[in-house]
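All chains, please: the whole structure from these sequences, using the hints.
Note that the protein sequences, when read in sequence, are chains S and D.
Remember, my numbering sits 92 above the position in the first sequence when you count from 1.
Remember, my numbering sits 23 above the position in the second sequence when you count from 1.
Read the hints as simulated data drawn from the structure, not as lab findings.
The reader is advised that the hints may include incorrect statements.
A few chain S residues facing chain D, derived, Cβ under 10 Å [what the hints assert, rightly or not]: (1) ILE153; (2) PHE159; (3) PHE161; (4) ILE202; (5) ALA203; (6) LEU219; (7) PRO227; (8) ILE244.
Computed from a predicted model, the values in this text were never measured in an experiment.
Don't be surprised by glycine CBs; every beta carbon is placed ideally from N, CA and C.
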Amino acid sequence: MDLKKMTNIGVLSALSLILMITIKFPIIPVVPYLLYEAGDLPILIIAFLYGPGSAVGATLILSILMFIFVGLGGPFGAFMHFLATGTLVFVAGYIYHQNRTQKTAVYGLIAGSIAMTVIMAFANVLLTPIFYGIPRQEVLKVLVPGIIPFNITKAFINSGLTLLVYKKLAEFLKSKGVLYSLNN
Amino acid sequence: MLNDIMIGQYIERDSLIHKLDPRVKILVIMFFIISIFLIESFSGYSVLALFILLTVFLSKINLKYILRSIKPLLFIIIFTLVIHLFMTKGGRVLWQWRFLSIEEEGLRMGSFMSLRLIFLIAYTSLLTLTTSPLELTDGLERLLNPFKRIGLPAHELAMMMTIALRFIPTLLEEAEKIMKAQKARGADFEGGNLIQKAKNLIPLLVPLFVNAFRRADELALAMEARCYRGGENRTRMNVLAFARKDYIVTVISIIYLSLVGIFL
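Now the structure itself:
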């Protein structure tokens, strides 16, 4: 693996954890324990720079760090987070790397957000009863008014922020030789 | 705002548990998780509780740290308990008022599920309380090595994790500085609606990213200058080595947990 790529992913993973613990607030009143946090941003940047595989690797690192340092939700929280962010960044990175344009970046983020929401809906229905012992019918009750809106909102905020930050970073990254010219 | 964040959970102690090889602790945790999902009786939980208390005792960690790790999940634990109390039916009616009632089976299921969560969080938090992050990273790399055969880059993952660990305090300090600098210029990170909150994050995020990339750049240069060329043919300064106590603890724990999971 290229050394600069490795250090970039390492440092951005650390940044993810920091954003996760410093920037967080509830966004859906129905499920106040589901907090928005900005930890997905650096992972999405990695997905755009280095592709979906590297982004999933970074998500794995982040989830392990999450378990080590933060402990929120224990191993379950970390695992659910890996599923959610892993799906988002994989789909977004995959679509973007088919053809690197600003348009495909937007398409990728939208598709990734939708995919993440779908995956997390299923994951919550299937895994929450196993992990937390909450009856499945109760999960289904909170699914439509709580879990799905939460994931959609979180994903779109992170997507919007990623586009804004990426735009501002682009010139800096080009001068560093990290980001190559877009196809358009 | 950032002062009350506890970075890391490791607590230094001179104890048997601290001295164990991190691979032992990771493997035992995995067996514990499997075991707790196999248990279907309260007597099984009693035996498991003894196991947890023994480990806590041997680690010389004050029980209050274990309790603190359960706190973030208190909402879900109580939620689970209450849901089962009122929704799960079966057995004798213990209490009733209009359409609300608590029955024996609900009480049993609620207690059962809540205890499972508590035990799980308590025991997994012991891993992070008794093992330093670097030790954990080391242990994980060694445990992931067999998967190299199917293409998993174990060394690279471990290296990236070590880099991330090293930069967490540095970047956290940076984040705090940038936050204060921007606040001094009138930035508001807490007020406003969702859109405003998101927009207000830009002055914080962009400098953080630029800083992160710059540091990564410098680190890559420094590593290259010191002849880093990848995982092949590298030696290790801190070598993990199994001692007799590691074998003994592994065997005892795995047998114990397997028996508990199978029979209780």
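For each hint, the structure was consulted:
1. The beta carbon of ILE153 of chain S is positioned within 10 Å of a beta carbon in chain D (closest approach about 5 Å), and the interface hint is therefore held.
2. The interface hint given for PHE159 of chain S is met, as the beta carbon of that residue sits about 7 Å from the closest beta carbon of chain D, less than 10 Å.
3. Checking PHE161 of chain S against chain D: minimum C-beta separation of about 6 Å stays under 10 Å; hint holds.
4. For ILE202 of chain S, the interface hint is violated, since its Cβ never comes within 10 Å of a Cβ in chain D; the closest pair sits about 17 Å apart.
5. The beta carbon of ALA203 of chain S is not positioned within 10 Å of any beta carbon in chain D (closest approach about 21 Å), and the interface hint is therefore violated.
6. Interface hint at LEU219 of chain S: violated, since its Cβ lies 12 Å from the closest Cβ of chain D, which is beyond the 10 Å cut-off.
7. Given the 10 Å rule on beta carbons, the hint for PRO227 of chain S holds: about 6 Å separates it from the nearest Cβ of chain D.
8. Annotation: ILE244 of chain S was flagged as interfacial toward chain D, and the flag is violated, the nearest CB pair being 13 Å apart, outside 10 Å.
In this structure, the hints that do not hold are numbers 4, 5, 6 and 8, in rising order.
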